[in-house]
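Chemist: As a plain string of letters, each chain reads:
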Amino acid sequence: MAVEIEMRARFNKEIHDQLVSRLKRDGEDLGPDDKHIYFYALPEQLLKVTDNTAAGTAKITLKGSRIGQGAAFAETEFAIAPADVSAAVRVFNALGFETAMHEAFNFRHNFRFGDVEIAVKWSEAWGYHAEFEVLLEDGASGAARAEAEARITDVAVALGVALMTEQELADFTAAFEAAQKERKEREQQAAPIR
Amino acid sequence: MSTTPLTASLIDLAARGQLPLHQHMDHATVAWISDHRPNLPPTLAPVLRPQSKELLVHGGMPTQWWADPRLYTSLHGVRHAMRTAALAAVLAEANGLGDADATTVILAAAVHDCQRRNDQEDRGHGARAAVWLAANADTVWGHFGLAAAPRRIVQAAAAVRLHDLPYEEFAADDKADHARAERITDVVKAADALDRYRLPKLEWWPDSQYVREPVFDQLRGLAFDLVLVSERAYLTGASGPSAVRYALAEKGLV
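These protein sequences, in sequence, are chains A and B.
Note that the first sequence ends on residue 1148 in our numbering; no numbers are left out.
Note that the second sequence ends on residue 357 in our numbering; no numbers are left out.
Everything labelled a hint here was simulated from the structure, so no lab data went into it.
Note that the Cβ used here is the ideal one computed from N, Cα and C, for glycine as well.
A hint or two may mislead.
Just some of the chain A residues that point at chain B, by a computed CB distance under 10 angstroms [to be verified]:
#: 1; residue: Lys989
#: 2; residue: Glu1087
#: 3; residue: Glu1091
#: 4; residue: Ala1094
#: 5; residue: Ala1145
Selected chain B positions facing chain A (in silico; Cβ < 8 angstroms) [to be verified]:
#: 6; residue: Thr166
#: 7; residue: Trp168
#: 8; residue: Asn239
#: 9; residue: Ala240
#: 10; residue: Asp241
#: 11; residue: Gly245
#: 12; residue: Gly340
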């Protein structure tokens, strides 16, 4: 199982535009990578069905911890056919995970800068944000993980972007899930259309 | 009913006078819109009041509000509704409307086409939407986290009823309704007209002679960009509401 060291930042449109300009000038442009993602926020894990609409591929991913529970994510991932995305979602929903499911389209452009992969994104829940990622070998040591976190932090500083703390990530995802729950309850309570 | 294959682009169908009852955006038409961008001065991103931003961010209307669910994703569906609501919010700022009036124009714009039966002229769809809005006012205002006030329902319904009637065709009843909700109606009609850059013929694009809005021409660039960004986003796979919210973010409106 590979280990992904992943850190995030949220910012406004002005910072977004500055970041993209800098990455286009000084980084490696890996191209657009828009995705339609079905998230299942489970108590201790994150399950995702991802339709990579820009790349024409799809995958299922299980992350061993949730956002806000540390930067290291043990990750199991396998490819599926894009045509099978809806079937995969139906299977997970039928298994009882439907109430934990959130759906989002991510406008995403990938870059590499200082040996860190940076996905600059916009989604409804997160607004403009970026994901900084270093992928480590299975069983990477604690030192290797710490080195990867330090590398990401240095890159973020060089790019002028403030990374979110684990507490900020946990608070943000908790607020998002609470808002989603409230929205679903409000929709269920809405008077029928006449 | 048209039997034209749906694989043809809207620009081709419009050129042949064969647009179908339900008209869905396609890549060729978006490319054509992009290629025909008028020489418009850039619009400075207007600053919306916090309440307007909140209404726009949470303004993705449910499919069941549409009389025909096939229209939810069509040219008069949720993307047009959300862009019109956003343009109404911008016009509310430009015209110095108070908070209650700004909210009323945004809600009226959001539902003005929801009772259409097709994407063609469909005369009377404004009147049907006004009746629908009056019957479902609590649901509509509640969806936006607001309580419906009788005066606001009457004003919004008047604007919705009159949005598809040319000013010069107003009968006595229409003029009386317009007098009761003049600024609301004028803003909704202008916002609806500004979103005509999505239509697949140049002669159908926004024309200030059909509206009563002094800043209409100044907002053309913003209106054009909202169409182009959101329609492209929709065709890349985003949902209608997500595509429009992305365009609103890109233009600095939310």
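Chemist: Each of the hints needs a verdict: does it hold here or not?
Modeler: The hints, checked one at a time:
no., hint, verdict
1, Lys989, "holds (9 angstroms)"
2, Glu1087, "violated (22 angstroms)"
3, Glu1091, "violated (33 angstroms)"
4, Ala1094, "violated (34 angstroms)"
5, Ala1145, "holds (5 angstroms)"
6, Thr166, "violated (10 angstroms)"
7, Trp168, "holds (7 angstroms)"
8, Asn239, "holds (6 angstroms)"
9, Ala240, "violated (10 angstroms)"
10, Asp241, "holds (6 angstroms)"
11, Gly245, "holds (6 angstroms)"
12, Gly340, "holds (4 angstroms)"
Checked against the numbered hints given earlier, the structure breaks hints 2, 3, 4, 6 and 9 and satisfies all the rest.
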